[in-house]
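Student: As a plain string of letters, each chain reads:
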Amino acid sequence: MTRSDRYVKILSYSVLTVLSIVMVFPFVWMVLSSLKPFREIYRPYLIPRNPTLNNYKQILGSSLFPRWFLNSLIVALSTTFSVLFFDSLVGYTLAKFRFPGRNLIFIFILSTLMIPTEMLVIPWYVMSSRFGWIDTYWGVMFPGMITAFGIFLMKQFMETIPDDLLDAARIDGVTEFGIYYRIALPLVRPALASLAILNFIGNWNAFLWPLIVSSKPRMYTLPVGLAYFSSENLMRWEMIMTGATISTIPLIIAFLIFQKQIIRGIMLSGLKG
Amino acid sequence: MRRCLLVAVLALLVIISAQTFGKVKIVYWQYYFEAKVKAIDELIQEFQKLYPDIEVEHVTFPYEAFNEKVAASIPAGTGPDVVNLYYGWIPKYVTSGYLQPLPENEFSDEYFANNFFPFVAKGVEFLGKRYAVPIAVRSLALFWNKDLFKAAGLDPEKPPRTLQELVEVAKKLTKYDKQGNIVQAGLATQPSGQGHHWIREVLTRQFGGKPYSDDYTKVLYHNVPEALKFYTDLITVHKVGYPGFMNDDITAFTSMSAAMNIDGSFRIAALKKAGLNFGVAELPEHNGIKSNFASFWANAITKNATGQKLDAAIKFIKFLSSDKVMEVWLEKVGELPANPAVAQKYYNDPIYGPFLKGLEYAHATFFVDETAQRKVMMDAVDKVWLKGISPDRAFREAAEEEQKILDNFWKSVGK
Amino acid sequence: MKLRHKKVLTAYLFLSIPLFFFVFIRFYPMMYSFYISFTDWNIISPIKKFVGFSNYIKIFQDPVFKISLFNTLKYVLLGVPSVIALSLCLALLLNNITKFQSLYRLVYVMPYITPLVATSWVWRWMYQRPPTGVINNFLNMLGLPTRNFLLSTSEALPSIVATTVWVELGYCIVIFLAGLQNIPKEYLEAAKVDGANRTQLLFKITIPLLNPVIVFLSVMETIIFLRIFTQVYNMTDQGAGGPLNSTKPLVLYIYQKAFKSFDMGTAAAATVVLFLIILTITVIQLKVLNRKVQY
Chain E
1 MTRSDRYVKI LSYSVLTVLS IVMVFPFVWM VLSSLKPFRE IYRPYLIPRN
51 PTLNNYKQIL GSSLFPRWFL NSLIVALSTT FSVLFFDSLV GYTLAKFRFP
101 GRNLIFIFIL STLMIPTEML VIPWYVMSSR FGWIDTYWGV MFPGMITAFG
151 IFLMKQFMET IPDDLLDAAR IDGVTEFGIY YRIALPLVRP ALASLAILNF
201 IGNWNAFLWP LIVSSKPRMY TLPVGLAYFS SENLMRWEMI MTGATISTIP
251 LIIAFLIFQK QIIRGIMLSG LKG
Chain G
274 MRRCLLVAVL ALLVIISAQT FGKVKIVYWQ YYFEAKVKAI DELIQEFQKL
324 YPDIEVEHVT FPYEAFNEKV AASIPAGTGP DVVNLYYGWI PKYVTSGYLQ
374 PLPENEFSDE YFANNFFPFV AKGVEFLGKR YAVPIAVRSL ALFWNKDLFK
424 AAGLDPEKPP RTLQELVEVA KKLTKYDKQG NIVQAGLATQ PSGQGHHWIR
474 EVLTRQFGGK PYSDDYTKVL YHNVPEALKF YTDLITVHKV GYPGFMNDDI
524 TAFTSMSAAM NIDGSFRIAA LKKAGLNFGV AELPEHNGIK SNFASFWANA
574 ITKNATGQKL DAAIKFIKFL SSDKVMEVWL EKVGELPANP AVAQKYYNDP
624 IYGPFLKGLE YAHATFFVDE TAQRKVMMDA VDKVWLKGIS PDRAFREAAE
674 EEQKILDNFW KSVGK
Chain D
689 MKLRHKKVLT AYLFLSIPLF FFVFIRFYPM MYSFYISFTD WNIISPIKKF
739 VGFSNYIKIF QDPVFKISLF NTLKYVLLGV PSVIALSLCL ALLLNNITKF
789 QSLYRLVYVM PYITPLVATS WVWRWMYQRP PTGVINNFLN MLGLPTRNFL
839 LSTSEALPSI VATTVWVELG YCIVIFLAGL QNIPKEYLEA AKVDGANRTQ
889 LLFKITIPLL NPVIVFLSVM ETIIFLRIFT QVYNMTDQGA GGPLNSTKPL
939 VLYIYQKAFK SFDMGTAAAA TVVLFLIILT ITVIQLKVLN RKVQY
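Protein chains in written order, with the working numbering: chain E, 1 to 273; chain G, 274 to 688; chain D, 689 to 983.
No wet-lab data here; the hints were simulated from the structure.
Just to be clear, a hint being listed does not mean it is correct.
[What the hints assert, rightly or not] As a list, the in silico PhoX-like pairs of lysine-lysine whose alpha-carbon atoms are at most 25 angstroms apart:
1. K948(D) / K395(G)
2. K57(E) / K605(G)
3. K96(E) / K975(D)
4. K491(G) / K746(D)
5. K57(E) / K444(G)
6. K690(D) / K660(G)
7. K431(G) / K444(G)
8. K694(D) / K9(E)
9. K512(G) / K395(G)
10. K873(D) / K260(E)
11. K880(D) / K9(E)
12. K677(G) / K736(D)
13. K9(E) / K873(D)
14. K690(D) / K491(G)
15. K684(G) / K736(D)
16. K322(G) / K588(G)
17. K677(G) / K746(D)
18. K296(G) / K216(E)
19. K736(D) / K96(E)
20. K736(D) / K576(G)
21. K576(G) / K948(D)
22. K546(G) / K216(E)
23. K546(G) / K57(E)
24. K787(D) / K96(E)
25. K677(G) / K948(D)
26. K9(E) / K690(D)
27. K96(E) / K880(D)
28. K737(D) / K975(D)
29. K260(E) / K787(D)
30. K216(E) / K298(G)
31. K311(G) / K57(E)
32. K754(D) / K677(G)
33. K737(D) / K677(G)
34. K737(D) / K684(G)
35. K216(E) / K545(G)
36. K695(D) / K96(E)
37. K660(G) / K762(D)
This structure is a prediction, so every number in the text was calculated from the model and none was measured.
Kindly generate the complete structure, drawing on both the sequences and the hints.
Tutor: Here is the structure:
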């Protein structure tokens, strides 16, 4: 390692470490608040003087909590798998095929990101009510099964794949689907892993639509269930912070798992070109 | 042979009628508040025992999402038969065709006069018809922190009784740090909390005016800019507090960073839970005038309820507003009974007493869009303390804004 | 069949289900909003009266709409360049280190993982004036004056931008890292062999090769900032976008019109306007920024 390399490495570590305090501090506050009893939640000091696990006991012990957790898990996993398949397929098609209407279709898909969810909720609800999707997993999942964001991301990464590679496979007689599945996909593994984790996070934290489409508490996802602790007369801050902490832990685990995938993916995909 | 046929037909009729005249099911919507939901669930059990042919489905949701839930259910044709809503939303819900008026034979003038405080009948009325019935009501009072009073050398059992005293006492209770930042507010000032109600229904009257014309078509409060000035002087002249101190007035008072606060009866449970040593007094008077703002959530019947469902709904809401229920409501939920006879029993309670006494001279503002009208007041106060605009001008501009809101509403109703 | 035709048919085949999905799930509701914008529907009424363009005229005459529009553009102009520049720098640094990689990345993604509502409230607390505001206490310690932050009509919007940048960093960093890892190592090795130094490597090879990712993030972050809502709703008093409308973005204006004032027609009209703005800006960005990059 040259001197300048070492110098840059030290700089990198220093900057990253100092900034990580800013990045992590609010989260630390959140966790410490969740350990505060009701009486202390309004006090300005950071570290609770009478730390308690009561808030956790109350939420985790609530009879529906495991069910909410399971619902969130089912919904987030299902949509992530669907997104990984469909978004990459469409991204691949838009990147690697020439056909009439290609740009128009891309803009059309992208334009679906431009309407705030708040305005989509009512037509979705009418639809769900008509088709009997209320209080079902499908009802919660359907808006997120294919995402414009994922399509856009995959398109950008798919475009970097050399066309010759794909043509070579065509000459070898590989099916179109096979080319997508066995050649293109493995080459964009980092992007797939990123898509997976970001989609999982986004879906896990979704609130407005799952709230509207579920009327029975049994069908709530985690954020909806946890929202019951804020009310007109009293915001139960210690519960909100506890709920947020609980909600974040599975995401941290998911992220660490996916991170390993990315690093492994790089080692496996080997040389390019 | 003919008798057999007759018996068969009769049997058939009985079977058919048994199918159609089975249990009547009504759906009741309410926002989630643990104590209320528990109480209602128990009351539903009792109600169903009294009326075994009626079944009530209790649906709740987070307070935040109330309007979204209702909005989504209408075009889908789903939704409740009975809904618990804020009285201030009645005009909106009625003009949208969501609610049906209470049948006058069941809910006569006499019924209201015998069972509720006078402002209730006025509060649920719109264009000559009445639409809902409350279980409990809320009003405002002056909360004070006895420990902070003692620490400042004041008598912890003597709260201020007039606006003058309020200012003097607040000044003695305010503490600042070296840079001049308030670290303890004498009086929490938060127009977005109950402050805007205090300005609108109490201060304007105490300074010789009134907020609106009796038919609520004209805004009149700009005629008494002294009312706004009194409020903003607390921030800019006496410096005893400011909007947003400690995030909001509830947090400030609960964490002992504010010595006094003007707040509603719904705060009592939380303050007790926080272990605060607080007292409650009637709102300070001025020029011998007392006034208060009362509000309530009430049960209304939607257009969905027809025929048997309507009957069931009527029975249900009458049950919920019976004095038997009101008696336990105070204990279980901590809300004031809407029935003066029941309320009388608690007049000497040191905490509930001042609120109940306040109900006697309280007004329930007619809101066409409470969010927008609240914001008008918030902006007026912000203009004065953030932008240095005179209270005179700020109040006038607020009145113009609010007049527009009212005009739009009355136009849409066709008046 | 000619190869070209076969490819076109394959493309349409692959796109069939997703397109059906988008038309049904996204396009139809969009058309619904578009239609509502020409009525005076108030959500809880079954009646929708056709009122032509009057909702559009109403919003363009509404000073609050104009302020919201202006604020929304401010959010984008302040936030997007900041988040892209910062996240690129951080991604480059993160790509450079070898020990504790996972841990560092987790730290920088934490803000994005945490539910936005909780994050908004924590920052709201941190922005307070003394005695509880952490940031102000820190400033006072350095001898600097107290700032009003969320209570000031001039400081509130930038304060919310700062929080949003902080949150979005994680998202952008994850994607930048994926982009960096997608660059074949041989390119960098070859350039080093040719004698390129660090700066040249960075600016002549790495960043140009990251163009697809930069385009993606510019477009996405612009859309995200144009649609900003949750944090403003949770960081302002009563979610009103104050003080005095200084932080109110278009989506909040729409939300209030729809679910607080029950004025769905106006909300839908504003939605259509926002949609057209986002569409225009996105198309321009794609045309200007996109450059073909193949490895």
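Student: Tell me, which hint numbers fail for this structure?
Tutor: 5, 6, 8, 9, 14, 19, 22, 24, 26, 27, 28, 35
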